[in-house]
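Undergrad: Build out the structure end to end from the sequences listed, making use of the hints.
Protein chains in written order, with the working numbering: chain A, 182 to 425; chain B, 23 to 268.
These are computed hints drawn from the structure, not numbers from a lab.
Fair warning: there could be bad hints in the mix.
[Claimed, not checked] Footprint (simulated), chain A over chain B, 3 or more residues, beta carbon under 8 Å: (1) 111 to 118; (2) 121 to 131; (3) 175 to 181.
No residue lacks a Cβ here, since even glycine has one placed at the ideal position from N, Cα and C.
Given next are the chains, with one letter for each unit.
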Amino acid sequence: MSEAQKLLIWRLSMAVLMAAGIWSVRDAGWDVVWRSGPFLLRGIGATLLLTVISVSIGLAGGVVLAILRLFAPPGLRHLAIGYIEVLRAIPQLMVIFWVFYTWPAITGSSVPGWWAAVISLSMIAAAYLAEVVRAGILSVPKTQWESGYVTGLSALQNMTRIILPQAGRNMLPALISHFIMMLKTTSLVYVVGIIDFFRAIIIVNNRDFAPAALYLTMAAGYFVGCYALSWLVRRIEPRYALTT
Amino acid sequence: MPDSPIRFRSVSKWFGTSQVLKGIDLTFGMGHVVVVCGPSGSGKSTLLRCINGLERVQEGQIEVLGQELTDRTLRSSGFRAEIGMVFQRFSLYPHMSVLQNVTLAPRLVRGTTAAAAKERAIRMLTRVGLADKVDAYPAELSGGQQQRVAIARALVMDPKIMLFDEPTSALDPEMIHEVLDVMRDLAASGMTMVIVTHEMGFAREVARRIIFMDEGEVVEDSETSAFFSAPATDRAQRFLDKILHH
Ligand SMILES: Nc1ncnc2c1ncn2[C@@H]1O[C@H](COP(=O)(O)OP(=O)(O)OP(=O)(O)O)[C@@H](O)[C@H]1O
Ligand SMILES: [Mg+2]
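TA: Structure representation (structure tokens):
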């Protein structure tokens with residue numbers, strides 16, 4: 182059998198399987214999804230917004246943490262290492278609990294749900310992205326740094342003009358996978374009362390009970406979200422070849 | 023301007039517990055071209071990198087352009103920019119065009135306007151024969167062209183001293199001469215140069231003095247013609263025999 186024939190058979194069987202799959206859920210209660218459309222879309226909006234905000238803040242924090250971990254004098258460096266290691270070791274839900282419940286208990290002032298969600302997700306993202314940024318910085322040859330130094334660039338100029346642009350390029354694949362991880366981590370914020378996509382699906386299902394249609398919608402929604410985000414990140418990839 | 027722009031006084035350096043420079047005493051003359059040679063691991067790069075503070079020493083003093091190298095003098099970006107350096111490889115910024123590579127430091131360090139920096143960069147690129155490559159990216163250049171851009175990038179800061187650490191040893195043979203030609207012109211223009219190289223023909227022709235190092239020591243420091251006709255030490259003689267009959 183030729184390769185082309187194998188491919189054709191493979192495609193046909195996949196098409197049949199998909200048709201069968203769609204057919205089997207034709208009565209799953211799609212009207213429920215349709216009727217709750219605006220509510221679910223708001224949920225998706227909240228999920229995407231939380232992801233983009235927390236990754237943006239987390240990336241800025243991650244750059245600072247990575248630089249501290251790599252170059253700061255001992256005291257500061259160990260603080261950064263401690264933060265990164267602890268935040269990555271504890272359950273993510275615990276960070277949210279800390280910000281939402283423990284912080285007000287200590288300080289006496291409450292934190293609104295959205296603030297708690299943004300702060301805790303950004304803290305989590307910063308810890309993970311710090312390691313991504315650190316690997317990116319270390320991937321830049323030492324001579325790059327030295328070339329800037331000997332022509333008189335300050336450490337800050339060197340970092341922002343020479344090292345970070347190259348590090349950013351090198352860390353793009355890891356950045357995308359962490360973006361996707363954060364998209365899924367946002368589903369934890371229901372504990373502070375935010376109705377994200379995950380929570381929205383659960384609410385609708387509790388009311389109208391259509392698990393097959395709703396959970397399929399959830400899977401599709403997250404899949405499209407992941408896809409859109411990685412497409413977005415890839416678009417900002419600078420176009421130059423890295424081999425000199 | 024001091025008559026000797028670089029002066030080493032009993033300089034010793036260790037990496038961990040291994041001593042790589044052992045009590046170096048050296049002076050370099052203004053406008054002189056000095057070639058540093060010696061076997062691999064003898065400390066040539068380390069010696070060179072001490073001159074611009076890329077390596078710091080544990081013992082002794084180094085004086086460059088009349089200033090002793092300290093944390094304070096090296097913090098001055100203007101001072102560092104007086105000492106140009108060309109590395110063996112991986113030194114051009116891959117995410118910038120040739121023009122951006124050459125104009126970056128003048129704009130950031132000297133505050134030169136974009137237009138003036140560009141004009142000067144083009145002058146330097148013309149000098150190294152690459153005026154037509156201003157918009158190219160490093161990855162689009164041959165190894166020899168990349169090294170010539172690296173030289174232009176150093177020269178644009180108008181350095182008083184140029185350091186070269188094996189600028190041709192990562193190049194294919196047919197590209198070596200184009201880089202050496204540029205260096206030859208630079209030497210003729212009166213630039214103070216310290217060059218680590220294994221190109222003995224070039225050294226013989228351009229250098230005023232040869233410093234031969236072995237195991238962290240300056241074993242021989244002679245006028246070029248004396249070094250090549252009759253090295254004073256066996257170690258230098260063996261090194262020359264090996265490198266010339268290769
Ligand atoms: N950053 C470093 N950390 C530890 N040891 C080092 C470092 N740089 C150099 N060395 C060691 O110091 C010694 C001298 O190195 P150096 O690079 O100066 O030699 P070199 O004469 O330039 O050799 P080559 O011809 O191979 O370039 C070597 O033994 C080397 O292994
Ligand atoms: Mg070397």
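Undergrad: Are the hints correct? Go through all of them and say.
TA: Do the hints match the structure? See the list:
no. : hint       : result
1   : 111 to 118 : holds (count 7)
2   : 121 to 131 : holds (count 4)
3   : 175 to 181 : holds (count 3)
Comparing the model with each earlier hint shows no violations; every hint is respected.
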